[in-house]
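Peer 1: Following the hints, position chains B, C and D against chain A.
Residue numbers (our numbering), protein chains in the order written: chain A, 21 to 354; chain B, 21 to 354; chain C, 21 to 354; chain D, 21 to 354.
Identical copies look the same in the list; a pair holds intra-copy or inter-copy alike.
List time: in silico DMTMM-like cross-link candidates among lysine to aspartate or glutamate, alpha-carbon distance up to 20 Å:
no., residue 1, residue 2
1, K244, D272
2, K278, E216
3, K129, D85
4, K307, D326
5, K23, E315
6, K307, D47
7, K318, D85
8, K151, D272
9, K57, D47
No lab work stands behind these hints, which were simulated from the structure alone. All values derive from a computational prediction rather than experimental measurement.
Protein chains: 4
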Amino acid sequence: MIKAGIVGYGYWGPNLARNFNSNPNFDLVAIADRDEKRRLMAAQHFPHVKVSAAAEEITRSPEIDVVAVATPVSSHFALAMQALENGKHVWIEKPITASSAEAAQIAEKAGQLNRVVMVDHTYLFTGSVRKMKEYVGGGQLGDLYYYDSVRVNLGLFQHDVNVIWDLATHDLSIMNYLLGPTARAVSALGPRHFNELEDVGYLTFFYDNNLIAHFHVNWLSPVKIRKTLVGGSRKMLVWNDLEQEETLKIYDKGVDIKTQKGVYDLLAEYRMGDMISPNIPHVEALKMEVDYFAECIKNSQNPHNDARAGFEVVRLLEASDRSLESNGAQIRLD
Amino acid sequence: MIKAGIVGYGYWGPNLARNFNSNPNFDLVAIADRDEKRRLMAAQHFPHVKVSAAAEEITRSPEIDVVAVATPVSSHFALAMQALENGKHVWIEKPITASSAEAAQIAEKAGQLNRVVMVDHTYLFTGSVRKMKEYVGGGQLGDLYYYDSVRVNLGLFQHDVNVIWDLATHDLSIMNYLLGPTARAVSALGPRHFNELEDVGYLTFFYDNNLIAHFHVNWLSPVKIRKTLVGGSRKMLVWNDLEQEETLKIYDKGVDIKTQKGVYDLLAEYRMGDMISPNIPHVEALKMEVDYFAECIKNSQNPHNDARAGFEVVRLLEASDRSLESNGAQIRLD
Amino acid sequence: MIKAGIVGYGYWGPNLARNFNSNPNFDLVAIADRDEKRRLMAAQHFPHVKVSAAAEEITRSPEIDVVAVATPVSSHFALAMQALENGKHVWIEKPITASSAEAAQIAEKAGQLNRVVMVDHTYLFTGSVRKMKEYVGGGQLGDLYYYDSVRVNLGLFQHDVNVIWDLATHDLSIMNYLLGPTARAVSALGPRHFNELEDVGYLTFFYDNNLIAHFHVNWLSPVKIRKTLVGGSRKMLVWNDLEQEETLKIYDKGVDIKTQKGVYDLLAEYRMGDMISPNIPHVEALKMEVDYFAECIKNSQNPHNDARAGFEVVRLLEASDRSLESNGAQIRLD
Amino acid sequence: MIKAGIVGYGYWGPNLARNFNSNPNFDLVAIADRDEKRRLMAAQHFPHVKVSAAAEEITRSPEIDVVAVATPVSSHFALAMQALENGKHVWIEKPITASSAEAAQIAEKAGQLNRVVMVDHTYLFTGSVRKMKEYVGGGQLGDLYYYDSVRVNLGLFQHDVNVIWDLATHDLSIMNYLLGPTARAVSALGPRHFNELEDVGYLTFFYDNNLIAHFHVNWLSPVKIRKTLVGGSRKMLVWNDLEQEETLKIYDKGVDIKTQKGVYDLLAEYRMGDMISPNIPHVEALKMEVDYFAECIKNSQNPHNDARAGFEVVRLLEASDRSLESNGAQIRLD
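Isolated chain A (complex conformation) (with noise of 0.2 Å):
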């Protein structure tokens, strides 16, 4: 059994903790948090756990093998840090830093002391995006025309990070998985209205061969969308994460156009096909991804988020807050 203990218990830290609790491979011995409230809220649940205000009798403790960091994200550097130079395996939430300076760092230490570093990419593990792997990696698609994003909600406002860093994180954790972490430049938009922070964002990610990557996040909707188009010179899809069922769809559709001696002599021809949403089993994407942390673990193996995923992410996000700074400007990426 895998000792873990994890490091903030506030939003997503009891599902870390259910899910470590839960799986056979781990057993959660210590959970730690600043918050008082928080505290007694992990004792409640897990009487059986030791729970502390302290990270350091997590981070530092010799009898755990594992630390999961579930703090804002200024505080991911120095935990994740002191938990690798103790000799732990670390789990982190996303973005995996403040910096890609930071996360470049932590990839690097992580190689030299021959630890499993994680970052906590869920979407990654759900198995609509797994599938969606199968499609775009196996060419079933075709030469890809464009990426297409919505992610929105009356979202919580962020007191350290603007809406891109908080929602968008996902999608270009997602993005890369897909397409590879190889677009050219970023263009970033996006107005404040409460204070210094963007609550709105519309992200484009150029791609050689006309590929185009477009993102919009939004702290101010009144109503939660989650949807991605792909299309495909072969065939197009529709991930609607929000449906419990047929959230995958394929479509044999598109359009072949035969340019003929000019520009305007443009013949296209739509081809209309059937659609197919694949069965993809019910199975949270949180424990898939625990239950990989601990193969990972057991045999020494770098996992494909791991920390270096992390500091692609950071680094589009980065360049991302240049654009904002300069009205959109397209930033070079590499």
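Peer 2: Chains B, C and D in isolation, oriented as in the chain A frame:
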């Protein structure tokens, strides 16, 4: 009875013909189309109407009071001017012309000759947009934060205009109607995958007070989506044009942010009230618009969707094209 | 060209007129309606067509080949017989007549005079029902377990028929088409809230092999629902007639039950496969039906929706009425 | 702290355990299950809780105040009586017992011993049903015309009860809560396709004043539907339990019929007003119910979902079974 002739019996012409024919204010007397197949179809549909190949038989006919121009955009200007110069009132499909200079000339000519020119911005006559106008115009949404629209489809590729001129024209006419033609700048992005015309487009308009309006138009989507979100400080709304019922929903939702001491001492309070979907009678928009056209002609009244309104939309489209050419750089509109 | 006249220009007549007028096989020459307002409307829509008050001017006109009867049900029989006796082919709105005895007479007369009688069971000509016929008829669903349909709306109260005769007629024509007119018994329940006519109805038909078909029809629903489920041993389907796309979905889902030793030693295995939504071209059902009518007339062919098919539906409606009168008691159909 | 033990750790037991464990009023001290795998799972989830095979260790334990019974229905009676006789308060999963006679005995015993018995009719604690109770109970819908519910799914076949006892139990508890336990008669139909238990069921309850309540429950549906319509003379509502937002919609719609002179001189006027979807806070129903259980125990208060309420539901289920056995004949309930 106002005698009407229609030039162009392609995609939209039959809808005009049906509406002018069944409207008690109008007498549909002539239809012209260059294509013989379309003429045969017109003759089958309206055996009592004179069908010809030459537009001039309509624009110059002494017995005709009104000319409806439903041809490709590039011919709008010449046909509208010819009709005006022959004393006709003119109905023009959107966009009014291929350039703002032409639109300005039509507006000027209509003023000189005291003729009614109406641009067929059909959406302005839907129950949903009229109801939205009441809400937005009446200040019930409070200060506006953003306007976000998605209009995507496996759309008919146009031969002469890109997806923005084709689809966003609808949205820009609605935006100008609801928010006023006061956008300060535009940024446009859009890849081309088949020929020299963009098939996916993202437009962002910047207004005063951090109001942002964003549009996604797309000819390559496997599914049809026509959804608009508008966020305000008092209320927010969602317009789903594809719903048959409950197309418009008004949410008594919002965020009150109390920034204390510093930027990061943010205290957000969320208002989560009821949603109301106002009853909207089912009336064909085009029927209402044709009624309004008759009313404007009878009362020598200038319609709100006149040549000037058409000009304002084309001005935005031209600026969008300039932004596309310079990789999304913001183009000033004033 | 087949010369057609339409008797009745109320709710549905204009749709018939539009389709006969624009169909290249037919020449719409006459429309009759008792109501002057409807005649004025017909004249406005079709200035080239002769409009009169007297049905006889159509049923007895020597220049007319086809009479379409779109009047209230109680007058169908007399008009259809008159038209047949004058040598016309007849198109009749559903239900064919107010009694099965009348329907049988029409069927007999049509046979004697070798005329085509087509009952306007429009739904049989929708892409969805035609595709369902392929699936059900081809055995792709396996053994059928149940057929369940909901057709509810804040519906127009009819003056002369209850909600079952009004709405379920559609469904019974579809049921007979898909499953065959072989139901063994019917049970019907339905309250009346305003007058002597039922406004909510529940119908259950019993077939061999425990196949059950159930219908909910309702004039008092705040929302419109038109949804049918069909469960079979190999596949199951859902038809949502209100969707604009993906109206038909075929599920590779099912249950395999292995009863061992005794009744309660049940071992259920669930098959959860993909869903496929076949592409269904958008064609107006009424257009296809009018084409088929022309084809049947030209080829002296008996349509599948002939007077006999109309009779079979009325027989079910009559049995339903008897069940209603006896508090839902099962009425044998054979 | 009230000390609680749970008997049965199958499908629903873990939800009870989680809620009793995290509720500040309760101390979860023991779990029993016959199945070793389930006991191992319980021990993994709650290492601090005593896990045993024998229910008696809970029902007879002197340190336990409350016994929650989450075993198959057939064992409810014996376990509940044993717990009551040992002075425990009892929480029982639905349906309370396999017969109304047993339910009556539990109700009597609870009264004699002054113990709280609560039947887990969870739905009564959802925000939607509580809000519906306000509308229906407050007379805002006017006179009720019908109550129509669909609850279908590719459901888990039960070994000991048919689909009506499994699924309709939810609905009947809601019906009794909203309309009162005053139905006059029931008619039930349902085929069996695999063994001796009905897998599809249609239930109709008859109330005074032509109010009808109809239920469709189904284990063989390819899709999950949980939708209820309630029609009244003043307003109508739709409850869609599968929606994450806007689960309840209230329609200001209706029909006013003015019958003049005779039955067929019917003049219908339709009222088509706004729809309102009241904001319903997201709270887990089971959490609210466990809170209410604690409150009833502390205040020696009889819950509305007591053994008597459980009895009333079982009485309806038994009558439904009798109707099934006699081909849907109406069974009187009074």
